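Number of protein chains: 2
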Amino acid sequence: MDLNEALYTTRAMRRVKPDPIPDEVVASMMDAAIRSPSGGNSQNWRWITVTDREKMAQLGEWYAEAWKQLNETFYAGRVEAAREKGDDSTLRVMNSAQWLADNFASVPLVVFPFHRNDPSGASIYPGVWSLMLAARGHGVGTCLTTVLGIFKHDEVCELLGVPEGKGWTNAAAVTCGYPLGRWGLAKRAPASDVTFSESWGNPPDWPEIGLPISLD
Amino acid sequence: MDLNEALYTTRAMRRVKPDPIPDEVVASMMDAAIRSPSGGNSQNWRWITVTDREKMAQLGEWYAEAWKQLNETFYAGRVEAAREKGDDSTLRVMNSAQWLADNFASVPLVVFPFHRNDPSGASIYPGVWSLMLAARGHGVGTCLTTVLGIFKHDEVCELLGVPEGKGWTNAAAVTCGYPLGRWGLAKRAPASDVTFSESWGNPPDWPEIGLPISLD
Numbered sequence: 001m002d003l004n005e006a007l008y009t010t011r012a013m014r015r016v017k018p019d020p021i022p023d024e025v026v027a028s029m030m031d032a033a034i035r036s037p038s039g040g041n042s043q044n045w046r047w048i049t050v051t052d053r054e055k056m057a058q059l060g061e062w063y064a065e066a067w068k069q070l071n072e073t074f075y076a077g078r079v080e081a082a083r084e085k086g087d088d089s090t091l092r093v094m095n096s097a098q099w100l101a102d103n104f105a106s107v108p109l110v111v112f113p114f115h116r117n118d119p120s121g122a123s124i125y126p127g128v129w130s131l132m133l134a135a136r137g138h139g140v141g142t143c144l145t146t147v148l149g150i151f152k153h154d155e156v157c158e159l160l161g162v163p164e165g166k167g168w169t170n171a172a173a174v175t176c177g178y179p180l181g182r183w184g185l186a187k188r189a190p191a192s193d194v195t196f197s198e199s200w201g202n203p204p205d206w207p208e209i210g211l212p213i214s215l216d
Numbered sequence: 217m218d219l220n221e222a223l224y225t226t227r228a229m230r231r232v233k234p235d236p237i238p239d240e241v242v243a244s245m246m247d248a249a250i251r252s253p254s255g256g257n258s259q260n261w262r263w264i265t266v267t268d269r270e271k272m273a274q275l276g277e278w279y280a281e282a283w284k285q286l287n288e289t290f291y292a293g294r295v296e297a298a299r300e301k302g303d304d305s306t307l308r309v310m311n312s313a314q315w316l317a318d319n320f321a322s323v324p325l326v327v328f329p330f331h332r333n334d335p336s337g338a339s340i341y342p343g344v345w346s347l348m349l350a351a352r353g354h355g356v357g358t359c360l361t362t363v364l365g366i367f368k369h370d371e372v373c374e375l376l377g378v379p380e381g382k383g384w385t386n387a388a389a390v391t392c393g394y395p396l397g398r399w400g401l402a403k404r405a406p407a408s409d410v411t412f413s414e415s416w417g418n419p420p421d422w423p424e425i426g427l428p429i430s431l432d
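These protein sequence lines are chains A and B, in that order.
For the first sequence, this note's numbering begins at 1 and goes up steadily by one.
For the second sequence, this note's numbering begins at 217 and goes up steadily by one.
Hints listed in this document are in silico derivations from the structure and should not be mistaken for laboratory results.
Hints may contain errors.
Said to hold, decoys possible - When the alpha-carbon atoms are kept at most 20 Å apart in a straight line, the in silico DMTMM-like pairs for lysine to aspartate or glutamate are as follows:
#1 A:K55 - B:D370
#2 B:K271 - B:D235
#3 A:K187 - A:D154
#4 B:K271 - B:D239
#5 A:K17 - A:E54
#6 B:K271 - A:E65
#7 B:K271 - B:D318
#8 B:K284 - B:D370
#9 A:K166 - B:D409
#10 B:K382 - B:D334
#11 B:K403 - B:D304
#12 A:K55 - A:E155
#13 B:K271 - A:D88
#14 A:K55 - B:D421
#15 B:K284 - B:D268
#16 A:K55 - A:E65
#17 B:K382 - A:E65
#18 B:K403 - B:E221
Stated by the list, open to error - To give an idea of the chain A side of the interface with chain B (calculated C-beta under 10 Å), a few residues:
#19 M30
#20 P37
#21 R116
#22 D118
#23 F151
#24 G165
#25 G167
#26 A172
#27 S192
#28 V194
#29 T195
#30 G201
If you're wondering where the values come from, they're calculated on a predicted model, not measured in any experiment.
Beta carbons: idealized from backbone N, C-alpha and C, even for Gly.
So here's chain A without its partners, still in its complex pose (with noise of 0.2 Å):
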């Protein structure tokens, strides 16, 4: 695969098949996972995959209250002032998003990435990211999720037992598998209005550049 395709359409592709991913696959999802930088090639990491369905059961159901708990904290009100102003992109999300909390037990494969002593995660999301252009690669459909971590942190490093007072965190649940939907650009913000040059607020100066892949 294109360096460019795997940049600019691996979306978060929460809608997966339940159909196992082979091991093969995953070995090499991880390989290209441990090739990304940590602070000083420290590479405080571990990775535990998940498929047990057991596991996945019990993962799914505190998925499922997580999600719950974020949309009456931090998304509260979200879908509401979407509707309101139209914004059909961040429905569209939500949607998805909520399609992944009824769904999380029957996903393949979980991957679960712990990291230490990397309080900015500078040193863990890289890898997380290429072990998600990497799956890309494979044709395997991911999403970077953090609602576990953040409301059941402790519950899940319990159930996949996960040391003790050694300074593990968990750092995401990225989910794994065929896709439902199709690949492609998601919406973003041009990056010259979110880019300035040598100083906050500065507009770059840049010439126009096309997309470096075609869309179908």
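Since chain A is already given, all that's left is putting chain B on it; use the hints.
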């Protein structure tokens, strides 16, 4: 460029030439960066590209001070310990990092990403890593550094005109330039050593997979 080539050979490229990076390449790197995921697609990011030599001179001074502080605190004894153990890999990283501290002001481009409402870093470091992978595709070497943000956060924000009280936090200083060194596979502990299957401590039962790229 092939996705795996980028994922496997984008090593920290600290030693770079002072030659400027064309605007269309910077625009392309930024365009790739903003395709990355962020929580709820919030895109709560801003990016500043710095090439101005006066600003870089000041940043270079601060970088050298910050690097010294890092070596006196978190990294204290690191070089000595590596020498005693004959750990050449760590010594090479430390030498290369010292080069960057001595030559920061000559780096042609540094990209400063800022984020807010993102305590874990999950919504900025995928984008930072996409920037670095896209740079790799253009033959541009990068290094994800965080010491300025740790030791000189307020000074950097003032120099770059970042508005106060709006919640913006600097996530990194990504140095960018055409490499003096060679691309290649960085040293990592194997995925099978740091990945567990279903539960912490349980090794994965994966088939052997080869490297997906050829090394010269």
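Practice problem: Starting from the hint list further up, note which numbers the structure goes against and sort them upward. | Solution: Numbers 1, 3, 6, 13, 15, 17, 21, 23, 24, 25 - these are the hints that the structure violates, sorted from lowest upward.
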